[in-house]
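**Q** Letter by letter, the chains look like this.
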Amino acid sequence: MHEFSIASSIVESVLEFAAKNKIEKILEVRLLVGELMAVEWEQLRFCYGAITRETAMENSSLEIEQVEAAVSCPYCSYRGRPKYWEDALAAFPIVTLQCPQCGMAAESTQGKECAIKTIRYMA
Amino acid sequence: MIQTIEASPDEIYDIELEHSLLEANARLAKENRILLDGHGITGIDIMGAIGSGKTTLIGRLVAKLKDRLGVAVFNGDATTSSDADLIAAQKVPVVQIATVNGCHLDANLVAKALRKIDLDGLRLIFIENIGNLICPAEFPLGSKARVVVVSVTEGQYMVRKHPHMFLGAHLVVINKVDLAEAMNVSVAQLAEDVRILKPDIKVIPTSCKAGTGLDEVAAELLAI
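Those protein sequences? They're chains A and B, same order as listed. Our numbering applies: residue 5 is where the first sequence begins, and numbers increase by one. Our numbering applies: residue 27 is where the second sequence begins, and numbers increase by one.
Just chain A, with the same shape it has in the complex:
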């Protein structure tokens, strides 16, 4: 449940910002979460709701935008979307770091984001 750590970090940052700028009511927090991050959105929302109670963030909505993964291959210079492992047993395709072009090990260049993008508040 690292979602709790992440939710705590969101709330801490936003409340700090609110206190500094004398903001009484936060309406919405928009997050960027990379495809390569093992973050469970439902759990994150649940933790967020629980921690924001009785704060300036109470009842604010948490919007999550996914950032697609991208890789680059040091062997064949491929750049772009990663290869997915379409395993019959998995409920959804699994992202891999295997180069879709040459099959060697690729490096991720995008998809590890976990950041607050914007905050909407009432003055």
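What the hints contain is simulated information worked out from the structure, not anything from laboratory work. Keep in mind it's a predicted model, so treat the numbers as computed, not measured. Be aware that one or more of the hints could be misleading.
[Unchecked claim] Pulled from the structure, derived: some chain A residues nowhere near chain B, Cβ distances all over 12 angstroms:
no., residue
1, Trp45
2, Glu46
3, Arg49
4, Ala54
5, Arg57
6, Glu62
7, Asn63
8, Glu72
9, Ser76
10, Ser81
11, Arg83
[To be verified] The calculated DSBU-like cross-link candidates involving lysine-lysine, where the alpha carbons are at most 35 angstroms apart (straight line), are:
no., chain 1, residue 1, chain 2, residue 2
12, A, Lys116, B, Lys56
13, B, Lys117, B, Lys138
14, B, Lys228, A, Lys87
15, B, Lys228, A, Lys116
16, A, Lys121, A, Lys29
17, B, Lys170, A, Lys121
18, A, Lys116, B, Lys170
19, B, Lys224, A, Lys87
20, B, Lys117, B, Lys228
21, B, Lys187, A, Lys121
22, B, Lys56, A, Lys26
Glycine residues also receive a C-beta, built at the ideal position from the N, C-alpha and C atoms.
Got chain A sorted already, so can you dock chain B onto it with the hints?
**A** Relative to the frame of chain A, chain B by itself:
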């Protein structure tokens, strides 16, 4: 970092923050790494499920290496000190990191542990993470390499069930291979699953019980 503030007519404001939530941990991890590098120490983060054999593997490696070079161990454990006690019996510096209810170690806890021991003369520090295959992946500690320990008792599909853990790993140890037949698990298939996820990961099959594969793991870690 605050970039723009834009007021809308009805007094609702949007602000761009671009504030990374894992940055605090990443920064501390970098500091740990600088401290370790400065002392010529390689930090090795050992991750894996409960019962995969993390502590036993570390114990075996410590026994192999401690007479040749300085080794210390940090044991992350939610509650007990049983793992730390086992390693401490080998008379090497051990710090138990009790996370209480935490499901992963973080760079701050490792920084605290680093202040507890004398770093001079050390060459390797094993950092045993909490037995969890999802959460520790997102929290770098400052180690130079991350090792995932998988055991055949976790079943044939354990690698594909936890892909995130392997994408950030440098070495995968497939442990308890002496039980593979009894468990009806193919070690070759587990290794192939790791290769599909990340082709450059080194995979070493071991049996901590029989002592097989351990020299290869030790050599691999010292080469990092």
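**Q** For the pair supplied as a hint, Lys117 of chain B and Lys138 of chain B, confirm whether the alpha-carbon distance does not exceed 35 angstroms.
**A** holds, 21 angstroms
**Q** Can we trust that Glu62 of chain A is non-interface, i.e. its beta-carbon lies farther than 12 angstroms from all of chain B?
**A** holds, 17 angstroms
**Q** Does the no-contact call for Arg49 of chain A survive, Cβ to all of chain B over 12 angstroms?
**A** At roughly 15 angstroms from the nearest Cβ of chain B, Arg49 of chain A sits farther out than 12 angstroms, so the non-interface label holds.
**Q** Any Cβ of chain B at or closer than 12 angstroms to Arg57 of chain A, or is the non-interface label fine?
**A** The assertion about Arg57 of chain A holds, with a minimum of 20 angstroms to chain B.
**Q** Lys187 of chain B and Lys121 of chain A: Cα distance at most 35 angstroms?
**A** Holds, because 30 angstroms separates the two Cα atoms, which is no more than 35 angstroms.
**Q** According to the definition I'm using, a residue is off the interface if its beta carbon is farther than 12 angstroms from all beta carbons of the partner; does Ser76 of chain A meet that for chain B?
**A** The claim stands: Ser76 of chain A keeps its Cβ more than 12 angstroms from every Cβ of chain B (closest is about 14 angstroms).
**Q** A cut-off of 12 angstroms on Cβ-Cβ distance, and Trp45 of chain A was said to be off the interface with chain B. Does that hold?
**A** holds, 14 angstroms
**Q** Lys121 of chain A and Lys29 of chain A: Cα distance at most 35 angstroms?
**A** holds, 18 angstroms
**Q** Would the hint linking Lys228 of chain B and Lys116 of chain A be met if the CA-CA limit is 35 angstroms?
**A** holds, 23 angstroms
**Q** Between the alpha carbons of Lys228 of chain B and Lys87 of chain A, is the straight-line distance 35 angstroms or under?
**A** Within the cut-off at roughly 20 angstroms; holds.
**Q** Hey, Lys224 of chain B versus Lys87 of chain A, does the alpha-carbon distance stay inside 35 angstroms?
**A** holds, 11 angstroms
**Q** Examine each Cβ of chain B, and state whether all of them lie more than 12 angstroms from the Cβ of Ser81 of chain A.
**A** holds, 16 angstroms
Hint check: no violations occur; every hint is consistent with the structure.
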